[in-house]
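Student: These are the residues of each chain, in order.
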Amino acid sequence: MRLIAENLGGERGGETVFSGIEFALGDGQALVVTGANGAGKSTLLRIIAGLLPVAAGRVRFEGGGEDFPSAASACHYLGHLDAMKSALTVKENLCFWRDFSGAGSRGVEEALETVGLGGIGHLPFGYLSTGQRRRAAIAKLLVSHRPLWLLDEPTAGLDKASEERFGGLMRKHLDGGGIVVAATHLPLGLEGARELVMGMVG
Amino acid sequence: MSGRTEGGAWAKASHIMLALFLRDIRLSIRAGGGALTGVIFFLAVIATIPFGVGPDLKLLARIGPAILWIAALLACLLGLDRLFQADREDGSLDLLVLGNDRHMLALTVLTKCLAHWAGSVLPLVVAAPLLGLFMNMEPAGIGATALTLLVGTPAITFIGAAGAAVAVALPRGGLLISVLVLPLTIPVLIFGVSASYGAVADPDPFLHPFLILTALTLFLAVLGPVAAALALRHGTD
Numbered sequence: 001m002r003l004i005a006e007n008l009g010g011e012r013g014g015e016t017v018f019s020g021i022e023f024a025l026g027d028g029q030a031l032v033v034t035g036a037n038g039a040g041k042s043t044l045l046r047i048i049a050g051l052l053p054v055a056a057g058r059v060r061f062e063g064g065g066e067d068f069p070s071a072a073s074a075c076h077y078l079g080h081l082d083a084m085k086s087a088l089t090v091k092e093n094l095c096f097w098r099d100f101s102g103a104g105s106r107g108v109e110e111a112l113e114t115v116g117l118g119g120i121g122h123l124p125f126g127y128l129s130t131g132q133r134r135r136a137a138i139a140k141l142l143v144s145h146r147p148l149w150l151l152d153e154p155t156a157g158l159d160k161a162s163e164e165r166f167g168g169l170m171r172k173h174l175d176g177g178g179i180v181v182a183a184t185h186l187p188l189g190l191e192g193a194r195e196l197v198m199g200m201v202g
Numbered sequence: 001m002s003g004r005t006e007g008g009a010w011a012k013a014s015h016i017m018l019a020l021f022l023r024d025i026r027l028s029i030r031a032g033g034g035a036l037t038g039v040i041f042f043l044a045v046i047a048t049i050p051f052g053v054g055p056d057l058k059l060l061a062r063i064g065p066a067i068l069w070i071a072a073l074l075a076c077l078l079g080l081d082r083l084f085q086a087d088r089e090d091g092s093l094d095l096l097v098l099g100n101d102r103h104m105l106a107l108t109v110l111t112k113c114l115a116h117w118a119g120s121v122l123p124l125v126v127a128a129p130l131l132g133l134f135m136n137m138e139p140a141g142i143g144a145t146a147l148t149l150l151v152g153t154p155a156i157t158f159i160g161a162a163g164a165a166v167a168v169a170l171p172r173g174g175l176l177i178s179v180l181v182l183p184l185t186i187p188v189l190i191f192g193v194s195a196s197y198g199a200v201a202d203p204d205p206f207l208h209p210f211l212i213l214t215a216l217t218l219f220l221a222v223l224g225p226v227a228a229a230l231a232l233r234h235g236t237d
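Going down the list, the sequences are from chains A and B.
Note that my numbering gives residue 81 to position 81 of the first sequence, counting from 1, and the numbers run on in steps of one.
Note that my numbering gives residue 172 to position 172 of the second sequence, counting from 1, and the numbers run on in steps of one.
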């Protein structure tokens, strides 16, 4: 599978945020997007996911076969918001996303164990702390399979141990032939990841 | 995976939509879901009408079906602004829209509409016969009004979904939705009320307006979700 951006440009509210972005990622490759606030990191991720229209150039996703014809269908998008309902329990939330997105390699309990939230699946999501919420949102990436992970500040609010654990999860995903595009300020512990610095051209 | 059959795809889609339906029903009955807002409003309107109109039993019986319908229509509009906004605020809406490539977004919207209807409008239809007694309506009229509400109120939810999708990004979109949606719901109101009257006033037919009402609901079950999906697709930011 390949994710290719050609001369990609993005705009927000009619103003160009970035232009001329080029990259090509294959199986097992990661791209870390860095840059100042407002450089367009989130916009880039949303454009790749197809949530925002492309302003110039294009994004292609190749080799996904029948199951993943486009980047939108092949991606897990982890944005600033956790996409979980505070009135439902952690387990109910994860069960819903597993059913909605299709089952993955890990069950709900196992995914919770993996992110270090084992035994609190019965609590309403609203009762969790910021870091726990983020970890529950990360567990969402594990309960259903998608080859492309689009991560927007994935480690915001996580403690050191959780950060390292998440780094391990990303490496495992890459070893399994997945692709990761992460926008971040913090080092993610991805050796050999390519880096894209936004906001350098203008 | 090749060799995926039509039947398999259908079973998969219905499994996904059932999960969404159950989640939304669960959310509507949990604390803060607001399922009761519509019913309480409905109850409040119908209970105050006899005090306002006065103790003229004949008059109450005559305006009963119309009052029940108008109150139900307004109560339906009440919770509509949260239909997509709640999902937008916690980021779920992005993921629901991303699912578009796997299963049509319109189907997702239709499921959310059905869950909204079952969670917040169906209780209102169930309460309607009881409130019909407040209005001194005869049993046939009560039955006909409840039946027309059962068939007609989904149409209001479907139109409302399109309005809710357009106004999803507005923090106080509720009023705008009502203004956008109200004119479009007038045909539903007209045929609903005339079918209700048809059941009790002898020369008027019941079946014809009732069938038109049914047709309206079926037609809007397609048009509403498709329009809403289009608005949501282009409204992400």
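Hint data in this document are derived by calculation from the structure and do not stem from the laboratory.
These figures come from a predicted structure and were not determined experimentally.
Don't take every hint at face value.
A short list of chain B residues far from chain A (calculated; beta carbon distances all over 10 Å) [as the list claims (entries may be wrong)]: (1) 27; (2) 49; (3) 63; (4) 70; (5) 92; (6) 123; (7) 183; (8) 190; (9) 204; (10) 205; (11) 208.
So the derived list for chain A, only partly shown, Cβ under 7 Å to chain B, looks like this [to be verified]: (12) 51; (13) 54; (14) 55; (15) 83; (16) 85; (17) 87; (18) 99; (19) 103.
Ideal Cβ placement from N, Cα and C applies to all residues, glycine included.
Student: Are the hints correct? Go through all of them and say.
Tutor: For each hint, the structure was consulted:
The Cβ of residue 27/B sits about 6 Å from the closest Cβ of chain A, inside the 10 Å cut-off, so the non-interface label is violated. For residue 49/B, the non-interface assignment is confirmed: its Cβ lies about 34 Å from the closest Cβ of chain A, beyond the 10 Å cut-off. Interface exclusion of residue 63/B from chain A stands, the closest Cβ pair being 39 Å apart, more than 10 Å. The beta carbon of residue 70/B is kept farther than 10 Å from every beta carbon of chain A, the shortest such distance being approximately 32 Å.
With a cut of 10 Å on Cβ distances, residue 92/B falls inside the contact zone with chain A, its closest approach being about 5 Å. With a cut of 10 Å on Cβ distances, residue 123/B stays outside the contact zone with chain A, its closest approach being about 18 Å. For residue 183/B, the shortest C-beta to C-beta distance to chain A comes to about 31 Å, beyond the 10 Å cut-off, and the non-interface label holds. Against the 10 Å criterion, residue 190/B stays outside the reach of chain A, whose nearest CB is about 38 Å from its own CB.
Here residue 204/B stays apart from chain A, with its beta-carbon at least about 46 Å from theirs, past the 10 Å limit. The claim that residue 205/B is not at the interface with chain A holds, since no C-beta of that chain comes within 10 Å of its own (minimum 45 Å). A cut-off of 10 Å between C-beta atoms confirms that residue 208/B is not in contact with chain A; the least separation is 42 Å. For residue 51/A, the shortest C-beta to C-beta distance to chain B is roughly 5 Å, which falls under 7 Å, so the interface hint holds.
Interface hint status for residue 54/A: violated, as the beta-carbon distance to the closest one in chain B is roughly 13 Å, over 7 Å. The beta carbon of residue 55/A comes no nearer than 13 Å to any beta carbon in chain B, farther than 7 Å, and the hint placing it at the interface is violated. For residue 83/A, the interface hint holds, since its Cβ comes within 7 Å of a Cβ in chain B; the closest pair sits about 4 Å apart. At about 6 Å, the closest approach between the beta carbon of residue 85/A and any beta carbon in chain B falls short of 7 Å, and the interface hint on this residue holds.
Interface restraint check for residue 87/A: the shortest CB-CB distance to chain B comes to about 4 Å, inside 7 Å, so the restraint holds. Checking residue 99/A against chain B by beta carbon gives a least distance of about 3 Å; that is within 7 Å, so the hint holds. Because the smallest distance between the Cβ of residue 103/A and any Cβ of chain B comes to about 10 Å, over 7 Å, the interface hint for this residue is violated.
Going down the numbered hints, you'll see the structure goes against 1, 5, 13, 14, 19, while the others check out.
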